[in-house]
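Make one complex out of these two single chains by using the hints.
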Amino acid sequence: MLLIPCPYCGPRPELEFTYAGEANISRPAEPESLSDEQWAAYLYQRTNPRGMHAERWRHVHGCGRYFNASRDTLSDQFQFSWKPGESPP
Amino acid sequence: MTGPFRTEIGGRIDRTRRIDFRFDGRLYSGHPGDNLASALLSHGVHLLGRSFKYHRPRGVLGAGSEEPNALVRVGSYESRATPNLRATQVEIHDLLVAESQNRYPSLSFDVGAINDVLSPLFPAGFYYKTFMWPAWGWRRLYEPIIRRMAGLGRAPTAPDADIYAQRYVHCDVLVVGAGPAGLAAARAAAQGGARVLLCDEQSEFGGSLLSEPDTTEAGRNRLAWRAATLATLAASDNVTLLTRSTAFGVFADNFVALVERVTDHLANPEPALPRERLWQVRARQVVLATGAIERPMVFAGNDRPGVMLAGAARTYLHRYGVRTGRRIVLATSADSAYGVAMDLHRAGLTIAAIADVRNEASGPLAAAARAAGLPLRTSTHIAATHGRLRIRGATLARNGTGAREKVACDLLLMSGGYTPTVHLYSQARGTLRFDESLGAFLPGGDTGILQVAGACRGIFATDVAIADGAEAGTVAAARTDPGGAPQPVRTISVPDSGALLAREAPCDRRAFVDFQNDVTTKDLRLAVREGFVSVEHVKRYTTAGMATDQGKTSNINALALVANERRMDMAAVGLTTFRMPYTPVTFGTLAGAARGNLFDPIRQTPIHAWAEDRGAVFEDVGMWKRARYFPAARETMAQAVARECRAVRTGAGLFDASTLGKIEVVGPDAAIFLERMYVNNFRKLAVGRARYGLMLGEDGFVLDDGVIGRLAPDRFHVTTTTGGAPRVLAMMEDYLQTEWPDLRVWLTSTTEEWAVVSIQGPRARDIIAPFVIGIDLAPQAFPHMAVAEGTILGVNLRIFRVSFTGECGFEINVPADYGSDVWHAIMQQGTVFGLTPYGTEAMHVLRAEKGYIIVGQESDGTATPDDLGLGWAIGRGKSDFVGKRSLARAAMRDPSRKQLVGLLTSNGETVLQEGAQIVTAANGNASIGHVTSAYFSTTLGRSMALAMISGGKARMGEKLLAPMLDRTHEVTVAPAMFYDPKGERLYG
Ligand SMILES: [Zn+2]
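Read top to bottom, the protein sequences are chains S and Y.
Position 54 (the first sequence) corresponds to 89 in my numbering; numbering is contiguous.
Position 519 (the second sequence) corresponds to 504 in my numbering; numbering is contiguous.
Worth double-checking, as some hints may not be accurate.
[As the list claims (entries may be wrong)] Derived CB-CB ranges, DEER-like:
id: 1; chain 1: Y; residue 1: Val606; chain 2: S; residue 2: Gln80; range: 49 to 59 Å
id: 2; chain 1: Y; residue 1: Arg668; chain 2: S; residue 2: Gln80; range: 53 to 63 Å
id: 3; chain 1: Y; residue 1: Ser881; chain 2: S; residue 2: Glu65; range: 28 to 38 Å
id: 4; chain 1: S; residue 1: Met87; chain 2: Y; residue 2: Asp719; range: 15 to 25 Å
Keep in mind the hints are simulated off the structure, nothing from the lab.
All C-beta atoms, glycine included, are put in the ideal place defined by N, C-alpha and C.
Just chain Y, with the same shape it has in the complex (with noise of 0.2 Å):
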């Protein structure tokens, strides 16, 4: 069934279809061209929502993007669900399921509503000053009821089903808008032969053509000139157009976000189609021609179902074919309410009145409006408005004196003039004037890359704002080609409107001035009288604006209001910041394809395949996936470590140590390089040696470390911690590049080249021996810290004979793609040794067993070489290293420094918790240091940890206290080396 309310003809939609769809369970129908507000007016539903915090019936305030009070639900599946979607922008199609918001049991009859009757208890900021006691109350008892009250939509439980695109392109001249002005300057860039994108967040083309009368004021017909231009537009082989596509955000040097809703408004789309797609615009030129949006006017009941803005109405009655109401009053303080008043008149609406707040209406639209013989009142305010789910009547005052007048009607249209969409302008950090004449801020200029045309500068009627959009169409073309011929000047200026701001409600009474966050005059009046000053502690106090409309109706009724308070011009009161996104964006474009799997890039090693099939435990460490521990049958974590342990000690273990990150230092001038990079000494290290190296920042403090082998005069093979590689390489470059780019030295990152598999224990040499072709590993011809290079089952090898263990070990480095066989055949040729491979626990074990310091667990940025017992590395007589003059600071040398000790427990049972504070018994308030790394040793039978202690090491044997959540653990300061203190295994 058509609405009742539908006119007989004209408007945008396809009558020869019906859609039907559903909203709050109910089925309602409507054609294609309809948004899910002009469909369900068509059928005399205003009431589409309750208010944020009073549960106030509200219905339809606008027609687009600005929409404050209609949001609604929309999906009929969780993971398909979208909550505060503004119904002037949903596309009806045969599947549409909507639903209203923040209601209880029902949209008519919402027990919220009892919020309205205790409005007085919820002033401004009633959140900082109502529920402070008791102290607990807040997260329990406050906060719980407020967010069940208080609140826009539901979100969704369920994981979003769709799929979402994102592409990046260029463009000459991106035009924002295609309105009359948009229009006009997309066909004169492009027509200047600019590559031209031209996007509009409505379905259509037109903007306010599809809105307004057929003719313009120049007797211009506005949907023939509409179709003639998109028809040369698409006729160009240099425009992109894009409807249903909202520039979201302007970011530096015009990039521009767009948000394409790709499958929202269809019942059935492609399964392969994205439901919304990122585009991220570079543009060499951008044109603003987002249009204005129009001031509700500020008086006591002016958010009942049934009160709407003047120019909705319109869009209404022309685009949709849809009569908002049969009996109207307008409330105006602008001339633009006569045009909508004499459209509506025409199409057979009775006027009841026009009140008019200003002291005479004399332009030439109030003039025929006056001829016209509609009833027309000056110095008139609504004093109030009547009714309860929809308006019934307003009463009618004369200013300054007490005549009052109530007035039937079933729609109260309201103009307060209009505000230009400078959001983006601003964003674009363009600055922004106040315009006395038409009450708006405008923007000052164009940036050079960005220019504004048409109403977003204040420019409204239509002629003017083709040629407008076409000047700034033919000026950004020509910027964009500096060669070409003398470069356009834009000629227009703007024009006076004679808007007079709602600077003061004409009454006391409750008068909404934000819709979507409930705020009122009362709210404005009461923070200014509290002494809030500034506009942007204004809008947090009392959250006007800072709802998802940001304010897109309500910003400049509230500064207007807060300039009269205070006696101050607007521009002196100055505006909030205009931030992204213009409209709300989902959750969903902004992450793209990266969820899931690809939310972060995963790094495996080329042994993680076997890894897996021997039910490795991995974790994390930076992108890289490690195995932690190779659990066997039903072995908890625990029994696993100490089994992997109990290999290396007594036999050997196998260790993927692949994702170590590697640099190769090649060049002449190599050894000199890294000689002061690091604390050691590199040009005395002999071909075939390697050495730990330590890397400090300019600050003193230990930043990296590795081992680094000598494979020639000039080429170091240069380890890094797995987290480190990027930062010390970009550190390296950095010296090299730019202190000392005399050096010849070339450096190469070769972490993802080499596999390095890592075998130790005492059978280590036993295992790897029978495989390596070309070394001696004989620990007289291969001792510990050797290097060397031959071959292992035919591929290229790189061993060091290094060990993080304690034990003898031995790091095959081999290239990548081998690294996988290299490690299958070690392991079968191992196992008769009981070779075991162990992960990344085991390897912290035995490696806390023997004190060697992890960067990042043991250091944290402050500590020197000395605090981590690495004083010995330093190089002896090197004039200069990275660091050391920052060492030879009398602070770097405190003696009640933290210092890496061990700490063992009296009961050995009991493992401390990293991070674990430390404390003496005679100050158990004053932190001395904390516990860095803490394991139970199966080699010793017991617990140990290794902390950084104010002092350390001249606290040996002392008794401290390690304060934990269970209880305070007595702790003994030992040597932070637990096993094997002489080396004897290591260099075995």
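Bound-form chain S, shown alone (with noise of 0.2 Å):
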């Protein structure tokens, strides 16, 4: 079971967190300026990688905050976490 640092409330077992999917990929401002293609992608696509991953966490049976994260999808390790609207340390 995976520690996971919540910034707001530090490390907490996995079992108190969801997972919530990649970070960083912002609700477009408009979109209806987008076409059919651009918000497919906004929609379903999603980096994947073999490394390190920013994503979003909630700390759903504690603060019930979402926060960011950084993890290494190889070694399951996490680098750090950050709350939304901060830039990653």
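Now the structure itself:
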């Protein structure tokens, strides 16, 4: 069970979290101005990297907050986490 | 009677006490400290089981958790029986009842042994090849026979009578294994100030210290050192000691699972004690000191009872005071065998021959054996063994020549070198490297949070292992104190051992590699010949390493054979994956208290007790228990539902809607927020009014629905589907926190704050009006989709005029604690109006008559609002909402999409099956849609169905077909609204 660093609460067991997909994918400000292809890319295309991955988690059974973290998809090791709107350390 | 093979003195057993136990119905005796294997061996009993596939007689091979052969069923009651336990790990007590497995009628005469004669029929992968024809044969003929003939123990038939506990703990340093390295590591870590947890799978700490002679190479007294170290540990406040506790799994970030066997070794345990306890440990640092397992030699007849690992014989001698035989042949490819030979020789056993396959044996141990006059033959292997239920002799052969020699013996010991027990290290994602001189895979190094010490990393000499463990413990403790002194480092390196891998069985006869799954050298060679390249494939094809012992004694030998067959290096062949559990774990331990009623949380509404009293039949909706219908005396479900539906249509019905999800959305920007989350218009919604809300995903498909009432300019009462509440709240939080953090909105889950009593029907208003204070319920004052706050029976009330039945209806929200009282009062008041409680089944029928959808029943995650006939809900002129952009895609407006329609069967008695496919008469093979809901409607006097049909809206009146199991039914497409299409009753 992973130990996940919540930037609000500190390291907590994986059981307290839900995964929320890749980070840094903002909802387009004007969806209507996007082509179908651009909109499909926003909806479905993800990097799915082998290695460091910026992703979102929610500390659902804790502070309830969404936050960002970078995790190595190969080793499952977390590098660090940061609050929404902040830059990674 | 003391067993005839018991030594006169020595061992860890208490000779002053006798324990009587039963094996296969016979009474045997042993002493405290014995396990089942040692006690039986003390009586000269070697035959303990029959093998998996060939039913070959098998004896004890090892002395611990690596044992592949001696599997027994323990327990005289089905409710307390456990199959497939290793006799080497079952401690004896006065009420122990054990029996052998996989034999009929008896262990010494087993009819299944015919399989051994027929073994040419069962090559590797035989079940893929032999039993292909006829098609029905596998399920009805072959599988039942194979299941009866091949196998391990019999699963217990009664529910487990024991209780199991679970515990979470944190520690600074977890040390796994309490042999010399582990004990030293724990002591050093504790001295470094760390909180230490030390666990070992055995009944007492010490590991190899208990199995080997009194003094080490350096002259240290093993048992004295062990006692002194244990005394230090026991006196330390910061140390927790766990015996009989197996670390069976290592997970991410040093999360380690241990199973502690609490009562199995006791004849009369305290009834309150759990049988086993699962420890879930989060350790800052882990030291693995899990030791090493001896490898068997691969030769023909190496599985006969009386063929044993050399180290095991030494353990039985030193730890249990048992001579495993009288006249001994040793087969070896490693120096370690000579130490064992000397020990047994000193204990008065006859060493008949030592066959070393290596061309020379030059180490100090071999020299000592030579000096003692032991008959040592190099370049010699075992060509055959003799005997049936017990070995009687062995044929020794010179490598490469025809010279043979038959030697009588009653024990044949094997030592193919030691394999470090890297299972847990590998589970922790440590990388392994192959060490040629050791003939074994070794841990590549420490991971920063997990280290390995002692024999587990190839350091076999006791004195060095102790020093190695102490270093690991010191380093681990220092790492948990990052502000402390400079970090110490490990200095000890792994020495050469000079073992030779049994790469090639020197004869072509059948030699066993995996004892538990009966995999032979022939099977492995066949797999390679048939083109299996990856070891993972060879493993699955031959089943080598796939038994309950996970190939603890067989994996390396199997790999060596594959490497040899393919002319490759061991390192290039690689290793199969180590998976948890290290040894089998009971379901009871993993389940803990989560069984029966505690298996899954049960949610009950405040009205549950009333419904139970009333004889309601409940159904599970998510975790909720919901009353499905309330049968009166001798009523069938259909009769009860019909009566409940009639009551709602003609008088009034009372429905417990408390399970509806509820979210309080509050803040100056609440209306803006909801307008973005839902397709509807909320900014223009007046205070005191409610609206049907439809929520989409960004992909444009319907996700949830519910009624949303505006209680104040900045306060909304949002309801969701019963199952959807957590999902909707999570999605709202996601958008609020990460997309629109500028919005001043706060979300609170209020599902369990409110009890919801829904009253529906033409008499609903008359029944509740006397109770409701401060709200005028008259139709003009409180029309359909109105909401207001007031009081009812003196408690706070939020009342919605809403309907999921098509009748005039009210949803009465009161604080959950008062739900039951309010329900009672309304029921009492309603009696004269014929007020009838109704359940979810009637609710389903009533809403289907009106064509109201249920998200997840009519919709399946691919339905748009238009598909469901809900396009009207989309707010006009809204620039954006979640899912809007996707609705603009051409495919979302394709007229051939599946659309919600009604279906009427030509025979009004026929109720279609939900899920039935719909086809056209022109093409009976291509489904154009499916039935989503189907009921018999008492109101209509006939059956009705809702369905999602391709281009359904354009098919009104069309005749289609619904093939079902009994016959194909003709149906006519109709609007998805069977009752009161003008809504006169709803608005009345
Ligand atoms: Zn948190």
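Hint check results:
no. : hint                             : in the structure
1   : Y:Val606 <-> S:Gln80: 49 to 59 Å : violated (36 Å)
2   : Y:Arg668 <-> S:Gln80: 53 to 63 Å : violated (33 Å)
3   : Y:Ser881 <-> S:Glu65: 28 to 38 Å : holds (31 Å)
4   : S:Met87 <-> Y:Asp719: 15 to 25 Å : holds (23 Å)
Going down the numbered hints, you'll see the structure goes against 1, 2, while the others check out.
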